[in-house]
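Participant: Residue-level listing of the chains:
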Amino acid sequence: MLHLQIDPHSGVPVYRQMMDQVKYYVASGALRAGDLLPSIRELARALSVNPTTVVKAYNELQHEGVIEMKHGKGAFVAEAAEGMSAGELEKALRHLVRRLAVEAAQMGAAPELVLRVVAEELESLNSERSSD
Amino acid sequence: MSDPAIEAHDLSKTFPGGVVAVNGLDLAVPRDCVYGLIGRNGAGKTTAIRMLMGLLRPNRGTARLLGADMWTAPREQRARVAYVSQAQQVHGWMTPEELCHYASHFYERWDGPYARDLAERFGIPWQTQVGLLSGGEQRKAAILLAFAARPEVLLLDEPAAGLDPIARRELIDEIIDVLSRAEGCAVLFSTHIISDLERIAEYVGIMDRGRIVTSARLEDLQSHTKRVQVILGDTLPPGFKLPVIPGTIRSTVEGPVVTAVVRMDTESQLDEIRRIPGVRVNVFPVGLEEIFIELFGRGARGEFMEESL
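Going down the list, the sequences are from chains B and X.
Going by the numbering used here, the first sequence opens with residue 1, and the numbers climb by one from there.
Going by the numbering used here, the second sequence opens with residue 1, and the numbers climb by one from there.
By construction, these hints were calculated from the structure, which means they are not laboratory data.
Positions of the beta carbon are idealized from the N, C-alpha and C atoms, including for glycine.
Treat the hints with care, since some could be wrong.
Per label pair, the in silico range of CB-to-CB distance [stated by the list, open to error]:
| # | chain 1 | residue 1 | chain 2 | residue 2 | range |
| --- | --- | --- | --- | --- | --- |
| 1 | B | Ser-39 | X | Ser-223 | 24 to 32 Å |
| 2 | X | Glu-267 | B | His-9 | 22 to 30 Å |
| 3 | X | Tyr-102 | B | Leu-2 | 41 to 49 Å |
| 4 | X | Ser-180 | B | His-9 | 18 to 26 Å |
| 5 | B | Leu-2 | X | Glu-267 | 54 to 62 Å |
| 6 | B | Ser-124 | X | Glu-183 | 52 to 60 Å |
| 7 | B | Asn-59 | X | Trp-126 | 36 to 44 Å |
| 8 | X | Arg-60 | B | Leu-89 | 56 to 64 Å |
| 9 | X | Asn-59 | B | Lys-91 | 52 to 60 Å |
| 10 | B | His-3 | X | Arg-60 | 17 to 25 Å |
DMTMM-like, lysine to aspartate or glutamate: derived pairs with alpha carbons at most 20 Å apart [claimed, not checked]:
| # | chain 1 | residue 1 | chain 2 | residue 2 |
| --- | --- | --- | --- | --- |
| 11 | B | Lys-56 | X | Glu-219 |
| 12 | B | Lys-56 | X | Asp-32 |
| 13 | B | Lys-91 | X | Glu-267 |
| 14 | B | Lys-73 | B | Glu-42 |
| 15 | B | Lys-56 | X | Asp-177 |
Stretch-level coverage of chain B by chain X, calculated; a stretch enters the list once three of its residues show a Cβ under 8 Å from a Cβ in chain X [as the list claims (entries may be wrong)]:
| # | segment |
| --- | --- |
| 16 | 5–12 |
| 17 | 20–30 |
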């Protein structure tokens with residue numbers, strides 16, 4: 001089952017958070033073309049959010065070509081979605097990195113330090129993975 | 001839009017002694033919609049809901065549920081509406097089973113199996129006198145009665161008060177279930193637990209001194225309200241004065257950092273500020289609770305945007 005993490009208090013509309021995460025999963029390959037997404041009712045229940053919010057997220061994702069809704073069958077990851085994944089991945093990343101940049105600047109951290117710490121974290125994540 | 005399920009126009013109530021509780025309230029909630037009403041204590045939420053329910057007569061204006069004034073509506077009409085009040089008065093000598101039996105005669109769409117199912121899920125002892133249950137259990141029993149009536153309009157006045165976090169989540173899940181059903185139900189609920197609203201409210205109304213001062217789609221309120229942080233660099237000339245950030249609701253200055261909660265109509269409204277050399281602008285989202293505090297905290301004006309449904 002698709003796992004979405006919603007923070008209703010973040011001030012970012014919940015449907016937006018859902019869209020961003022589905023796109024991220026498509027971009028990262030965790031969701032592939034043809035994969036079935038949970039039904040509106042299932043997802044609303046699982047996340048404890050209003051079903052209309054899920055409808056809105058799915059409609060917008062369909063509009064952007066990420067998913068396809070087939071009547072009576074459910075929502076699927078669209079064939080075309082994988083093609084746009086590189087750009088979407090960068091967009092999702094940029095969003096996260098901007099927050100880091102802002103916070104780092106507020107702490108007065110030098111850019112070199114930020115880059116070094118990021119590189120080190122990526123490095124240690126990689127070595128953890130390869131030792132699994 | 002079809003006729004709203006919940007409707008108030010210029011609704012007003014002044015209590016003897018001159019206390020103005022509700023003052024010209026306008027509201028329209030369509031079917032299949034959850035409307036969250038927030039406001040400080042004494043803003044008039046409970047009085048407004050009691051007038052909608054026909055339990056209190058307005059001095060001015062109209063209140064209608066499913067097109068009918070509940071004050072004069074016949075029993076069949078009132079049976080399509082359910083209400084959980086803040087100070088629930090259930091008959092303490094009856095057991096939940098007996099209460100349900102009693103309610104099943106009043107509500108045409110009463111759903112007995114669902115009532116049993118809810119009692120089990122909420123952990124309400126079925127055959128214990130309600131008066132012997134804990135405050136939270138009594139509250140849950142009142143919620144059970146309202147939901148099992150399968151109403152077309154559901155009015156919940158601070159339903160989450162006195163419920164623990166797990167029971168609150170169960171309540172939200174039940175509301176979601178009701179919304180997922182085909183028959184369509186309009187839900188109006190007042191709360192001061194704003195985090196509950198952020199999960200399920202489609203529209204949010206902010207009430208202050210008897211009026212709704214802000215009514216908007218939750219997502220619009222969220223996307224149009226931002227925290228803008230302006231950092232003034234060392235390179236700025238001495239005596240530099242930052243122009244007012246357009247759309248400011250409230251702002252604070254701390255050293256070289258100006259922070260403002262801003263109503264954002266377009267991204268470009270910050271362009272002028274962004275163009276000042278030596279100034280950096282960051283924009284962050286703001287949660288509903290923070291918006292509320294910014295609007296009503298000390299020194300705030302309490303006016304934001306007025307959009308009706």
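Participant: Each of the hints needs a verdict: does it hold here or not?
Facilitator: Quick rundown of the hints versus the structure:
The hinted range of 24 to 32 Å is satisfied by Ser-39 of chain B and Ser-223 of chain X, whose Cβ atoms lie roughly 27 Å apart. Distance hint for Glu-267 of chain X and His-9 of chain B: a CB-CB separation of about 23 Å, consistent with the stated range 22 to 30 Å. In this structure the supplied range 41 to 49 Å holds for Tyr-102 of chain X paired with Leu-2 of chain B, their Cβ-Cβ distance being about 44 Å. A hinted range of 18 to 26 Å for the beta carbons of Ser-180 of chain X and His-9 of chain B is consistent with their spacing of about 24 Å.
With their beta carbons about 31 Å apart, Leu-2 of chain B and Glu-267 of chain X fall outside the hinted range of 54 to 62 Å. Separated by about 55 Å at the C-beta atoms, Ser-124 of chain B and Glu-183 of chain X satisfy the suggested range of 52 to 60 Å. Between Asn-59 of chain B and Trp-126 of chain X the beta carbons are some 42 Å apart, a value that agrees with the proposed interval 36 to 44 Å. Hint check: Arg-60 of chain X to Leu-89 of chain B, Cβ distance near 58 Å, so the stated range 56 to 64 Å holds.
Between Asn-59 of chain X and Lys-91 of chain B, the C-beta spacing of about 55 Å keeps the proposed range 52 to 60 Å intact. Checked against the hint of 17 to 25 Å, the pair His-3 of chain B and Arg-60 of chain X fails, with Cβ atoms roughly 52 Å apart. Distance restraint check for Lys-56 of chain B and Glu-219 of chain X: the Cα-Cα separation of roughly 11 Å lies within the 20 Å cut-off, and the hinted pair is therefore satisfied. Proximity of Lys-56 of chain B to Asp-32 of chain X is assessed by CA-CA distance (about 14 Å); at most 20 Å being required, the pair is judged to hold.
As the CA atoms of Lys-91 of chain B and Glu-267 of chain X are separated by approximately 18 Å, the hinted pair is consistent with the 20 Å bound. Proposed proximity of Lys-73 of chain B and Glu-42 of chain B is supported: the alpha carbons are some 14 Å apart, at most 20 Å. Restraint check for Lys-56 of chain B and Asp-177 of chain X: the C-alpha separation of about 17 Å stays at or below 20 Å, so the hint holds. For the segment 5–12 of chain B, the assignment as covered by chain X holds, since 5 residues bring a beta-carbon within under 8 Å of that chain's beta-carbons and 3 suffice.
Judged by the Cβ-Cβ criterion of 8 Å, the segment 20–30 of chain B is not covered by chain X as claimed, because only 0 of its residues qualify and three are needed.
In this structure, the hints that do not hold are numbers 5, 10, 17, in rising order.
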